[in-house]
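The lines below spell out each chain.
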Amino acid sequence: MNYKRITLLCGHYGSGKTNLAVNMAINIAKDHEKVVIADLDIVNPYFRTVDSADDLREAGVKLVVSSYANSNVDIPALPQEMYSLVDDRSLTCIVDVGGDDRGAYALGRISGAIREENDYDMFLVVNRYRPLTPDAQSTLEIMHEIETAASLPFTGIINNSNLAAETDAETVLSSMAYASLVSRLSGLPLVMTSVEEKVARLLEGKIDDLFPMHLQKRPV
Amino acid sequence: MAEKVLMKGNEAIAEAAIIAGCRHYFGYPITPQTEIAAYMAKRMPKIGGTFLQAESEIAAINMVYGVSAAGKRVMTSSSSPGISLKSEGISYLAGADLPSVVVNCQRGGPGLGGIQPSQSDYFQATRGGGHGDYHMIVLAPASVQEMAQLTIRGFELADEYRMTSMILADGTIGQMMEPVSFDFEIKEAPEKPWATTGTQMKREHNVVNSLYLVPDVLEAKNFERYEKYAMICEKEALAEEYMLEDAEIVVAAFGIAARVAKNAVNAARAEGIKAGLIRPITLWPFPEKTFKKALGTAKQFISVELSMGQMIEDVRLATGCAVPVTLCKRAGGMIPSPEQVYNSIREAAGKAGE
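Just so you know, the protein sequences line up as chains A and B, in that order.
Per this note's numbering, the first sequence starts with residue 1016, numbered consecutively.
Per this note's numbering, the second sequence starts with residue 814, numbered consecutively.
Please note that a few of the clues may not be correct.
[As the list claims (entries may be wrong)] Okay, the calculated bits of chain A under chain B, using three or more residues with CB under 8 Å as the criterion: (1) 1094–1105; (2) 1137–1146.
[Stated by the list, open to error] So, partial list: chain A residues that the calculated Cβ filter (under 10 Å) puts toward chain B: (3) N1059; (4) E1073; (5) N1087; (6) D1115; (7) T1163.
Please keep in mind that the hints were generated in silico from the structure rather than gathered at the bench.
Even glycine gets a Cβ: it sits at the ideal position worked out from N, Cα and C.
Working from the sequences, and respecting the hints, build out all of it.
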């Protein structure tokens, strides 16, 4: 897939944005210089992009994150370098935005500049196995809330439906109708289906635009 | 919801409470349990329930008192510093024999401490926290599935014994995501003839109160309550036993620490060390019988905790200090690694440095 200069990943809380963002950034860095992953998550106190700091460094991806992420400073802090995402147009950026509309408010500060430059994608990451987005209707509700908060329109859908360690080929296959319906009702293209790499191998030829992912390590 | 869903531990608690028939939730935000309140805020209005963000933890626990007195299932949740604030109300609930469910998604302390996971409220949960002679039933989940299961069990036990059930979780289990099934058999809440629901001029009025004007009446009430506690100790203690049959080194750990400890036990077994695990699921009542049984083969117990050593006292009491009990710990929001626990087991087995 052809990445725009800025790729924004938004979605319902817990839809898998952080893991997807890390994988995308590492993937893009294979044939791009100056790749940045920006963690604008002001919602989640645990399990952040910094958990993958070593992998990112190794891949040559620069991590822009609040110095308070994963610390005890319990405030919705944004990284001071977030303005470089819009000021320095030589960068290719993956932006991990916090969940729901509350997380998307963080984008409001730079959304004007993003709209003006107009070289961005904003993807709605969906997981039909999350309890508050089990169907297309509830997913669209959250989608509209996020668009309003971010003051940017979405440009595509990424199906990241999974049941964590219990994900198998059937888990993903039985989410495709849901993802297509979200795509049809929103009028936005389904740009990819992201799947853990072992499961992805079982799905080759069965699903278009597969994006195999390496899962972030968990502490326990 | 027959199909599995992917949930955070905190969300699983909230959904389980709703499934258990809880339609009243009062709380005040605090990391790392805020998802419970956020989930309730979204769901309760859609099912005719009440979500209220109170002005403080103290207000929230007293709202719990009110709803419970009216005979309805009710829950509040917080994290360590907030539970300290709720402790007065919890004591009042105990003094009035009111059922409730209180969730503590623990973080590092004391004081404001930090937002990372901890188990250092074990004493507070099992020894009181509030004032007076009382206990709570304390349930310690070790997975997101158990967050749901034990929340439902918490409501049942609370109603059956007219007590507070505390779900003693920690930040990691609250924040981590795992698949959950909500395929539960739900027992209806029992009749509550004591509830203050209006007399309809057909009965004497009910009084819910924790104030006793005559000391020997208050003493009798305490005696009666402790007979109930003794029965609960007999009937409700629960633990998971893992590779205990021939275990010489017995690791004791609950919640998130038990997940780490299980990996370490497996590693030790692979090396031929006879290690096993007791995972208390009820912390009060403490599963003493399981520990006594393990004494048959145990040469040493190791208590693994995210605290400076609190449950270790109950392990010593349960085993009568018949064999050494040592501690393997991290504190202040840190989690022991499987290697750390594994090394403690090797040391106990006399293999340190080999």
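> If you take the shortest Cβ to Cβ gap from N1087 of chain A to chain B, is it below 10 Å?
Replying inline: holds (3 Å)
>> Less than 10 Å between beta-carbons is the criterion; does E1073 of chain A satisfy it with respect to chain B?
In response: It is violated, given that the least Cβ distance between E1073 of chain A and chain B is near 22 Å, above 10 Å.
> With a cut-off of 8 Å between beta carbons, are at least three residues of the region 1094–1105 of chain A near chain B?
Replying inline: Violated, because only 0 residues of the region 1094–1105 of chain A bring their Cβ atoms closer than 8 Å to Cβ atoms of chain B.
> Hint check: is the beta carbon of N1059 of chain A less than 10 Å from a beta carbon of chain B?
Replying inline: holds (8 Å)
> Any CB of chain B closer than 10 Å to the CB of T1163 of chain A?
Replying inline: Cβ of T1163 of chain A sits 17 Å from chain B, so the hint is violated.
> At a threshold of 10 Å, is the proposed contact between D1115 of chain A and chain B supported by beta-carbon distances?
Replying inline: It holds, given that the least Cβ distance between D1115 of chain A and chain B is near 9 Å, below 10 Å.
> the region 1137–1146 of chain A covered by chain B? Criterion: 3 or more residues, Cβ-Cβ distance below 8 Å.
Replying inline: With 4 residues close enough to chain B, the hint holds.
In this structure, the hints that do not hold are numbers 1, 4 and 7, in rising order.
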